[in-house]
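**Q** One-letter residues, chain by chain:
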Amino acid sequence: GAGVSQSPRYKVAKRGQDVALRCDPISGHVSLFWYQQALGQGPEFLTYFQNEAQLDKSGLPSDRFFAERPEGSVSTLKIQRTQQEDSAVYLCASSPGPNYEQYFGPGTRLTVT
Amino acid sequence: KQEVTQIPAALSVPEGENLVLNCSFTDSAIYNLQWFRQDPGKGLTSLLLIQSSQREQTSGRLNASLDKSSGRSTLYIAASQPGDSATYLCAVKVGSYIPTFGRGTSLIVHP
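Residue numbers (this note's numbering), protein chains in the order written: chain A, 3 to 115; chain B, 36 to 146.
With the rest of the complex left out, here is chain B (with noise of 0.2 Å):
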């Protein structure tokens, strides 16, 4: 059974500082994986979507890597703004459509 896990669990940080968010999952056969935010009382919002056959992904001030081998991806976040806080969520699937979800990092940039 995949698991999926996050870390850190929390993040507490003051704006500006460049973030490195972890997500790593136990079975390397991957079909996707796709970092999402979700804010207090929120569904999710995708961010990034990382096909199986691709290592990285960029959207603005963000950029996500995947390490297959390693069983890794990293969710970077560059110059953080107060408007970022909030869990990121990393959710991996094996060739089918169920995704697994880490726990998630709550990060609060503070001003």
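Here chain A stands alone, though its shape is the one from the complex (with noise of 0.2 Å):
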């Protein structure tokens, strides 16, 4: 089957822009996780949702952030007033529950000018 998807690919925005990246969990994934990844390093953990339940949002670095997954399947993350530190890569992960492997999306990257 098809894995995850995430859309846009590349997306630039003003400083001060609102943006919405989506994701397409692997279909039956309960557990879904965002993580954001900045140049030349690894990928810091967002939240997590497990089917519409966001269970955990303890890495959103700013009231900014925010994401939502209502029925339990596609899950959007969403950046208000963009900020330049905001620019970084938007890995979104699924798995059948939350300590099974984690298959990644291939990522959005957001460029804050």
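These aren't lab readings, by the way, just hints derived from the structure by calculation. Careful, some of the hints might be misleading.
[Claimed, not checked] In silico DMTMM-like cross-links for lysine to aspartate or glutamate, where the CA-CA straight-line distance does not exceed 20 Å:
#1 B:K77 x A:D88
#2 B:K77 x A:E46
#3 B:K77 x A:E103
#4 B:K128 x A:E103
#5 B:K36 x A:D58
#6 B:K128 x A:E46
[Unchecked claim] Heads up, incomplete: computed chain A residues facing chain B, CB under 7 Å, no partners named:
#7 Q43
#8 N101
#9 E103
#10 F106
Heads up, the beta-carbon is just placed ideally off N, CA and C, and yes, glycines get one too.
Using the supplied hints, reconstruct the complex from the two chains, each of which is provided in its own coordinate frame.
**A** Written as structure tokens, this is what we have:
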């Protein structure tokens, strides 16, 4: 079956704009994770969903970041009033459960100018 | 807080060499450790997953070992090929679903 997909693959935003990043997990995967990966760094955890419930958002860097997964499948990560420090690759991963192997999407590269 | 360090940060080798990539972590009470490969502009591809009760895992030319007591894991790549060129990341889970990643080792295998 299809893997994890993310859209858009690339996004350029002017500082202050709002952006929305989409993740389509593998069908049937209960768990969904968002990560932020800065250039030359490993991915950093942002938030975790189990079905539609957001169980952990401890990694969200500020209240400008918001994530949702209303029907327990597709998830959207929204960043309001983007800043230059938000420039990074945003990775989504899904898994059959929280401690199973995670399958990653290709990421969305966000550049804030 | 778990810290994960990967050495070397970058490696360039001729085709055919056997390679060892290192990953060290500070909290030895891990749940599992996973090695990933990341190609430029792509997401992460899982290579090997080692549970805390295991000492090693093998897949093809790849072998990963785990020594919890010393806080180390090594990824061994036999007979390297140009197609192995990528960034290799290790990720450690300590009793939860949130992995801590190292910064990765950038590998170039030239023909």
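**Q** State for each hint whether it applies.
**A** Each hint tested on the structure:
| no. | hint | verdict |
| --- | --- | --- |
| 1 | B:K77 x A:D88 | holds (19 Å) |
| 2 | B:K77 x A:E46 | holds (16 Å) |
| 3 | B:K77 x A:E103 | holds (18 Å) |
| 4 | B:K128 x A:E103 | holds (11 Å) |
| 5 | B:K36 x A:D58 | holds (17 Å) |
| 6 | B:K128 x A:E46 | holds (13 Å) |
| 7 | Q43 | holds (6 Å) |
| 8 | N101 | holds (6 Å) |
| 9 | E103 | holds (6 Å) |
| 10 | F106 | holds (4 Å) |
Every hint from the earlier list agrees with this structure, and none is contradicted.
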